[in-house]
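Enquirer: Here's the letter readout for the chains.
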Amino acid sequence: NAGVTQTPKFRVLKTGQSMTLLCAQDMNHEYMYWYRQDPGMGLRLIHYSVGEGTTAKGEVPDGYNVSRLKKQNFLLGLESAAPSQTSVYFCASRVYRDKNTEAFFGQGTRLTVV
Amino acid sequence: QQPVQSPQAVILREGEDAVINCSSSKALYSVHWYRQKHGEAPVFLMILLKGGEQKGHEKISASFNEKKQQSSLYLTASQLSYSGTYFCGTDTGTASKLTFGTGTRLQVTL
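Read top to bottom, the protein sequences are chains D and C. Residues in the first sequence are numbered consecutively from 13, following the numbering used here. Residues in the second sequence are numbered consecutively from 14, following the numbering used here.
These aren't lab readings, by the way, just hints derived from the structure by calculation. Just so it is clear, CB atoms sit at the ideal spot from N, CA and C, and this is done for glycine as well. One thing to keep in mind: the hints can contain errors.
[To be verified] Selected chain D positions facing chain C (Cβ under 10 Å, derived; list incomplete):
1. Y76
2. L87
3. Y108
4. V125
[Stated by the list, open to error] Output of the computed footprint for chain C on chain D, the stretches with three or more beta carbons under 8 Å from beta carbons of chain C:
5. 31-39
6. 42-52
7. 78-86
8. 93-106
[As the list claims (entries may be wrong)] Only pairs whose alpha carbons sit at most 30 Å apart, straight line, appear in this in silico BS3-like list of lysine-lysine:
9. D:K69 to D:K82
10. C:K80 to D:K69
11. C:K110 to C:K81
12. C:K50 to C:K72
13. C:K80 to D:K21
14. D:K69 to D:K83
15. C:K80 to C:K63
16. C:K81 to D:K82
17. C:K63 to C:K50
18. D:K69 to C:K110
19. C:K50 to C:K39
20. C:K39 to C:K110
21. C:K63 to D:K83
22. D:K69 to C:K72
23. C:K81 to C:K63
24. C:K63 to C:K110
25. C:K39 to C:K63
26. D:K21 to D:K69
27. C:K110 to C:K50
28. D:K69 to C:K39
29. C:K110 to D:K83
30. C:K50 to D:K69
31. C:K39 to C:K80
32. C:K81 to C:K39
33. C:K63 to D:K69
34. D:K26 to D:K69
35. C:K72 to D:K21
36. D:K83 to D:K21
37. C:K72 to C:K39
38. D:K21 to D:K82
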């Protein structure tokens, strides 16, 4: 099993450009999450999903949109990138089972906005 | 709102012990602990559930005080391989939103 796969691993964008980060999991997990990691800020939740077709805002959702059209995929979109969105983005997933299950993380996407 | 971790950073000599604390302002259903090595993804260590017992394996264990919404991670007789950043993740049980703290950077030296 591949687990959680993020695409791309690295990307440089110019201010105002748009892009989509793809997260794919092959574990049939219901829950999926997008986090951003910045020095000293830890992992901050951007958006999450508890199932196909559903999404919800996390702590820092502004400037991002998400979609979960298929259970295995969770897409994170930046419509107009800003330098403040330079960060490392992690996707995670976990299975629904009494809500006491661990999260599995992808390897991260390092995004630089210039 | 992110849980608060303390300390922010700690340096240990090999063989020493450390405690990392995690505190939330919300009632918690469960607390997760993860370790992240530089340039890598966070890796799961353990989960503590509301009403559950203290968990651990070998020299890493944790406790969960649900009344105080606090958890502590205990690292005993630290090894070089314990170096990394430790994150607590909290689940309030509402829609399984999983929120992480700001992290504790642990460095173990010879």
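Enquirer: For the pair we were handed, K26 (chain D) and K69 (chain D), check the Cα-Cα distance against 30 Å.
Expert: Given that 30 Å is the threshold and the Cα spacing comes to 25 Å, the pair holds.
Enquirer: Can you confirm whether the C-alpha distance between K80 (chain C) and K21 (chain D) stays at or below 30 Å?
Expert: Violated - the C-alpha atoms of K21 (chain D) and K80 (chain C) are around 41 Å apart, more than 30 Å.
Enquirer: Would you check the hint for K110 (chain C) and K83 (chain D), treating anything up to 30 Å between C-alpha atoms as holding?
Expert: Measuring from Cα to Cα gives roughly 17 Å; hence the hint holds.
Enquirer: If you draw a straight line from the CA of K83 (chain D) to the CA of K21 (chain D), is it 30 Å or shorter?
Expert: Since the Cα atoms of K83 (chain D) and K21 (chain D) sit roughly 22 Å apart, the hinted pair holds (cutoff 30 Å).
Enquirer: Holds or violated: are the alpha carbons of K39 (chain C) and K63 (chain C) at most 30 Å from each other?
Expert: holds (13 Å)
Enquirer: So is the stretch 42-52 of chain D in contact with chain C by the C-beta rule, three or more residues under 8 Å, or is the coverage claim wrong?
Expert: holds (count 4)
Enquirer: Given L87 (chain D) as an interface hint, is the shortest Cβ-Cβ distance to chain C below 10 Å?
Expert: violated (19 Å)
Enquirer: So if I understand the rule, the pair passes when the alpha-carbon distance is 30 Å or less; does K69 (chain D) with K83 (chain D) pass?
Expert: Answer holds: K69 (chain D) to K83 (chain D) is near 18 Å, not above 30 Å.
Enquirer: Hint check: K21 (chain D) vs K69 (chain D), CA-CA at most 30 Å. Holds or violated?
Expert: Holds. K21 (chain D) to K69 (chain D) sits at ~24 Å (cutoff 30 Å).
Enquirer: Hint check: K110 (chain C) vs K81 (chain C), CA-CA at most 30 Å. Holds or violated?
Expert: holds (20 Å)
Enquirer: Next pair to validate is K50 (chain C) with K72 (chain C); report whether the Cα-Cα distance is within 30 Å.
Expert: Between K50 (chain C) and K72 (chain C) the Cα gap is close to 18 Å, so the pair holds against 30 Å.
Enquirer: Does K82 (chain D) sit within 30 Å of K69 (chain D), going by the straight-line distance between their CA atoms?
Expert: Status holds; Cα separation ~18 Å.
Checked against the numbered hints above, the structure violates hints 1, 2, 4, 5, 7, 13, 16, 22, 35; every other hint is satisfied.
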